[in-house]
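Chemist: The primary structure of each chain is shown beneath.
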Amino acid sequence: MLHFIARRILATIPVLAIVAVLVFLLLRLTPGDPAAILAGDAASPAQIAQIRANLGLEQPIPVQFAIWLRHLAAGDLGESFYYKVQVTELIAQRLEPTLSLAALTIVFAVLVSVPLGSIAAWRFGGWFDRGLMGFSVLGFSVPVFVLAYMLIWLVSLKLGWLPVQGYQRLAGGVWPWLRHLILPSLTLSVIFIALIARVTRAAVLEALGEDYIRTARAKGLPESRVLVRHAIANAAVPIVTVIGIGIALLVGGVVVTESVYAIPGLGRLTVDAVLARDFPTIQGVILFFSLVYVGVNLLIDLSYVFLDPRIRY
Amino acid sequence: MNRKFLAAVLLAAAGGAAFSATAQDKVLRVVPHSNLSILDPIWTTAYMSRNHGYMIYDTLFGTDAHSKVQPQMVHSWTESPDHRLWTFKLRKGLAFHDGAPVTGEDVVASLARWGKRDAMGVALMTFVERMDAPAPDTFRIFLREPCGFVLEALGKPSSNVPFIMPKRVAETDAFKQIDDYTGSGPYIFKRDEFKPGDKAVYVKNPKYVARKEPPSGTAGGKRVYVDRVEWNLALRDVQAQANALVKGEVDVIEALAFDQYTSMSKEKGIKVVKPNVGQQYMCRFNHLLPPFDKAAVRRAALAAFDQRAFLKAQVGVPELFNACNSMFTCGTPYANDAGSEIMKMNMRQAQDLLKKSGYDGTPVVLMKPTDLDAIGKLPDVAAQLMRQAGFKVDLQAMDWQTLVSRRAKKDPIAAGGWNMFCTAWTAPDIWSPVNNAALDARGTKSGWFGWPDDAKLQDLRGKFMRETDSGRKKKLAEAIQAEAFADATHAPLGEYQAPVAMRANISGLNTSGLAHIYWGVKKN
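Here the protein sequences come in this chain order: A and B. Residue 1589, in the working numbering, is where the first sequence stops; the numbers in between run on with no holes. Residue 694, in the working numbering, is where the second sequence stops; the numbers in between run on with no holes.
Chain A with its partners taken away, still in its complex shape (with noise of 0.2 Å):
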């Protein structure tokens, strides 16, 4: 087992490495010049040019290159061309709020999905099966932006009871941390829902017509025992999978949501950063995702042992 994680977190070197070259390369061969953005409308072309030689972007690809690979080997990402401020200072600002609403979206898709797609596989064929099976279609097709103008129009509009947009830090409490999460939350996990309860109804139904069922149903098992601890246990591993990548995706994903409910997540700085052509952020940012869907994936992968004890690093 050590030996396989000890593997894996080596195997993360060339992936983190291929993707640096990729995103500094693609980066500096896209139109657009950070220094023309920076300098703002009414700029003249020598003091662009001067803003270019400050941000050290006349130097030839292969110096600039060396000399990003230099800092980040000292663990230093570099320094906002647009905030001046460090990139993992940035980061770590806007890690808080993405965390939060992907941790609040997967424990409630979760939570939902995994009762339903259940229940759809035992139930299958009929109408509570089916009726899912719409919803999950309808969740799929919706998109993000509408349902959000629809829950803002009925809940904080209409209703009055959430915020319309907006996200408080934890420090400033739980209660207004979660007040201005829930929306968002229940925006984004309409689809995961979607996701999760279809896949956990494959899974399950599959799992349900295995002979250990048959048999644990011929020994008198009560049929909720049955599908928790012998349909639901063996059919873990591909809903365990869904929910890694459903994690994953929320993580660097979600910028529709943010803009929409006015969170300054990851997702929100990293469409900032491409639209200001901010090297260092995009470059940053993209390795963290690398990194963290590296990670998701060494996570899920170790779970397997534990949810089918015939896998074996």
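Don't read these hints as lab results, they were simulated from the structure. The beta carbon of each residue, even a glycine, is placed where N, CA and C say it ideally should be. Any given hint could be a false lead.
[Stated by the list, open to error] Cut-off 16 Å, straight-line C-alpha distance, at most; resulting in silico cross-link-like pairs (EDC-like, lysine to aspartate or glutamate): (1) Lys1360(A) x Glu648(B); (2) Lys1360(A) x Asp362(B); (3) Lys436(B) x Asp507(B); (4) Lys693(B) x Glu419(B); (5) Lys417(B) x Glu437(B); (6) Lys562(B) x Asp550(B); (7) Lys482(B) x Asp397(B); (8) Lys693(B) x Asp350(B); (9) Lys374(B) x Asp343(B); (10) Lys482(B) x Asp429(B); (11) Lys645(B) x Asp507(B); (12) Lys692(B) x Asp195(B); (13) Lys346(B) x Glu1355(A); (14) Lys337(B) x Asp362(B); (15) Lys1434(A) x Glu419(B); (16) Lys1360(A) x Asp350(B); (17) Lys259(B) x Glu299(B); (18) Lys374(B) x Asp195(B); (19) Lys626(B) x Glu648(B); (20) Lys365(B) x Glu1365(A); (21) Lys337(B) x Asp349(B); (22) Lys365(B) x Asp1405(A); (23) Lys645(B) x Asp629(B); (24) Lys1434(A) x Glu437(B).
[Stated by the list, open to error] Sample of chain B residues lacking proximity to chain A, with all beta carbon distances greater than 12 Å (derived): (25) Lys196; (26) Thr352; (27) Pro376; (28) Lys417; (29) Lys441; (30) Gly501; (31) Glu511; (32) Lys525; (33) Trp621.
Given chain A, put chain B in place with the hints provided.
Modeler: Showing chain B alone in chain A's frame:
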């Protein structure tokens, strides 16, 4: 144990109110028109940095709502009979946020740094022989020759504004950003609460001594009636902004989207106001490359442009736009219609002009920003009108940041060059022949993209800069505009007023249109 845990949770839950502002504080919550990223208003011309500057710095002069320059930090001043020595005395009670008094030396250092970055500042410095501070409350400007825009420059209301910083800060290299935000303005910047892309916070400067005059434009008394101003930098979705205003979660939206104007005007508890002066749309030609290297071809494009077509498409709300054939914002001192006959032509006349121009069918590469709603429809209208006139148009879509990078290129089209783009300017940025960047006609040495080369225009601008008589300056402004239309330096496309929306309990908001500023605002 469980009780302790519950108590801790309840305490934490209740702790929200103590997190930032106290409950008694009057907090003005503003949704700015853009994101604040650069905190040095001299280093960049970005309007958000300018507005940040107005919060924390003071200015020597201001420009009132009637576009007149008025003293601000300056108490009195004299001009020598030969117009070459200007002596300024600062008013009493001026102090930086750290308690140090504002002195003439701070002013001299601040003007020197600004004079290296701002176009008008650079122009002023070509006249300046030296500056000094003979006494703590006095500074002097010695000129090589008379200059007709000293006060206009010192009272310049838009980017880059000559903000006064402490000498130690102003001595920072003009091409490096400052990292000390000590000012002497009506608000103090809370550096510890600044979260890029999230929020910027300013608190009232309790020691600020305001002038006695009522506030007007960027001039007059800068009295502060709220304890804090919070800029919500994360709220950028226009529908979410409107929702937040209706719900009372924010107090002011600086730039209400045009398509929200009608519905928000009818909303209970919301006020929507228009600024006094408009902003101007314009299309800029690249004078270096065919087909716009010929004035006759550029004039044919000008003749094809119908301002109302642009304004209807881009703004859509009739009460928010007006056609204006002046290259200097309508309603401001130098506005005139000299030479603008070309803008009143019809499409048939434009077609005739293009045929006579010798246009050889070279496609016009017109850059269109896809991510900037504020100007995104202008290129579509320009392309359609030019095609009707007989131009071949290659409308190229790109994000704004790509556009601003590409427009700096002087290369041929095949190497990434361009022929035309459209943009917008706030009134103070174009209302004078000195700072209207589109009129800088020094060819490839021009300070702005497009690089027109017109010796006559430059000569007239030089005369304007030296002229000290206001009547003769107006005449020169007319001559400058007539020559600019003859050369077709650029195409003015009409003006619009960007509406500001606020809660009904907000009063005293500055609607001069010069900048978004927050002194004089009351929240009841």
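Chemist: Name the hints, by number, that the structure is in violation of.
Modeler: Hint check: 1, 3, 7, 8, 9, 14, 17, 22, 28, 33 fail, others pass.
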